[in-house]
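**Student:** For the record, the sequence lines run as chains A and B. Last residue of the first sequence? That's 82 in the UniProt record's numbering, and every number before it is there in order. Last residue of the second sequence? That's 170 in the UniProt record's numbering, and every number before it is there in order.
Hints were generated in silico from the structure; no laboratory data involved. Ideal placement from N, C-alpha and C gives every residue a C-beta, glycine not left out. Wrong hints could be hidden among the right ones.
As the list claims (entries may be wrong) - Some but not every residue of chain B turned toward chain A, in silico, with C-beta under 10 Å:
(1) 27
(2) 28
(3) 32
Claimed, not checked - Rough simulated footprint, nothing fancy, chain B against chain A, three-plus residues with beta-carbon under 8 Å:
(4) 29-37
(5) 41-47
(6) 51-59
(7) 62-68
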Amino acid sequence: MSTFRRSQNRANPNKLNNILSTLIFILILNVSIQIWLLYASLNNALDNNTEILLPAFIASAVLFLIGFSWLYYLPQGNFKNK
Amino acid sequence: MSKEDNLNQNWKKDFPIKKQESTQVSRRDFAKFLTFVSGGLMVGSGFVAAKAYLLPKEGVQGEHFICNKDEVPVGGTRGFVIEGSTVPYILIHLENGDFKAYEQKCTHLSCSVFYKPGTGIIHCPCHDGSFDAATGDVISGPPPRALPKLEVFFKDKGVFVKEFVEQKQS
Chain A
1 MSTFRRSQNR
11 ANPNKLNNIL
21 STLIFILILN
31 VSIQIWLLYA
41 SLNNALDNNT
51 EILLPAFIAS
61 AVLFLIGFSW
71 LYYLPQGNFK
81 NK
Chain B
1 MSKEDNLNQN
11 WKKDFPIKKQ
21 ESTQVSRRDF
31 AKFLTFVSGG
41 LMVGSGFVAA
51 KAYLLPKEGV
61 QGEHFICNKD
71 EVPVGGTRGF
81 VIEGSTVPYI
91 LIHLENGDFK
101 AYEQKCTHLS
111 CSVFYKPGTG
121 IIHCPCHDGS
131 FDAATGDVIS
141 GPPPRALPKL
151 EVFFKDKGVF
161 VKEFVEQKQS
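With the sequences and hints as input, model every part of the structure.
**Tutor:** Right, dumping it as C-alpha cells:
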C-alpha cells in the first residue's frame, strides 16, 4: 500500500528541506503564542481575573495538539530510505 | 596496560557516542524539542488556571487597627503588616486629606515602593515604575498591574483597614 510516507521518503531533498523548515517555523510560531498566553494568564491570575485563565489554557492545549500532530509530517530523511 | 591505553581503549566502549553526534542537533530533534517546550507551556498554563480556581488567594480577613489619624502627618506614610501575614503595606496620608493603603510590593519585581510627598505618585526605585497614589494604577514604567489596595476607614480617631472589594461596573 502506498502511503504518503513512502512518497515523502522518495521526495527530492529540496522538498524535504522545505517541509522541515515550514514545520519548524510553525512550531516556533505556536510556542511564541503559547508564551504570550502564559504571560497573559499569569498577569491576570495575579490580578484576580480568573475568567480568562481557562480559555487561555484551552488555546494553549490546542496549540500543543496542533504542534504534536504536526510532528507526524516530519520527514524521515532520505538516508533511511532503504 | 598503562593508564593512558586503558583510557583510550575502554573509554570509547563505555561511552560510545561520537563527539559530532553529541554536539549536532538535527532539525528533526529540534522540532521534537519545540513540541516538548510547547507541551511544557501548556502544562504551565494549566497549572496557573488550576491554582487560581482551586486555591484562590485569600484576602485580608476582618478589620485591623493601624494607628491614630494624627500619627501620620499630611504627605507622610506608615508601613504596617497585618497580623498573621508577612505582606508589607503602606498607609499614605495624601495631601488632599485622604488615607490610602497599598501593598508595598511593586507589581513588577516586588521591590519596595515609597510615596513621594507632594507629587501624588508612589514610586518604585528599582526600574522607575510610578503608581497613582489616589488609585494605585500604573502611571509609567514596567509594572504590569496596579498596586493591590486595602480599604481605609475610620472609627473615632483610629485608622482601620479591611479588604478592598471592587465594585464592578457593568
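**Student:** Now tell me if each hint is right for this structure.
**Tutor:** Outcome of the hint check:
no. : hint  : verdict
1   : 27    : holds, 5 Å
2   : 28    : holds, 6 Å
3   : 32    : holds, 7 Å
4   : 29-37 : holds (count 5)
5   : 41-47 : holds (count 6)
6   : 51-59 : holds (count 4)
7   : 62-68 : holds (count 4)
Going through the hint list in order, the structure satisfies each hint without exception.
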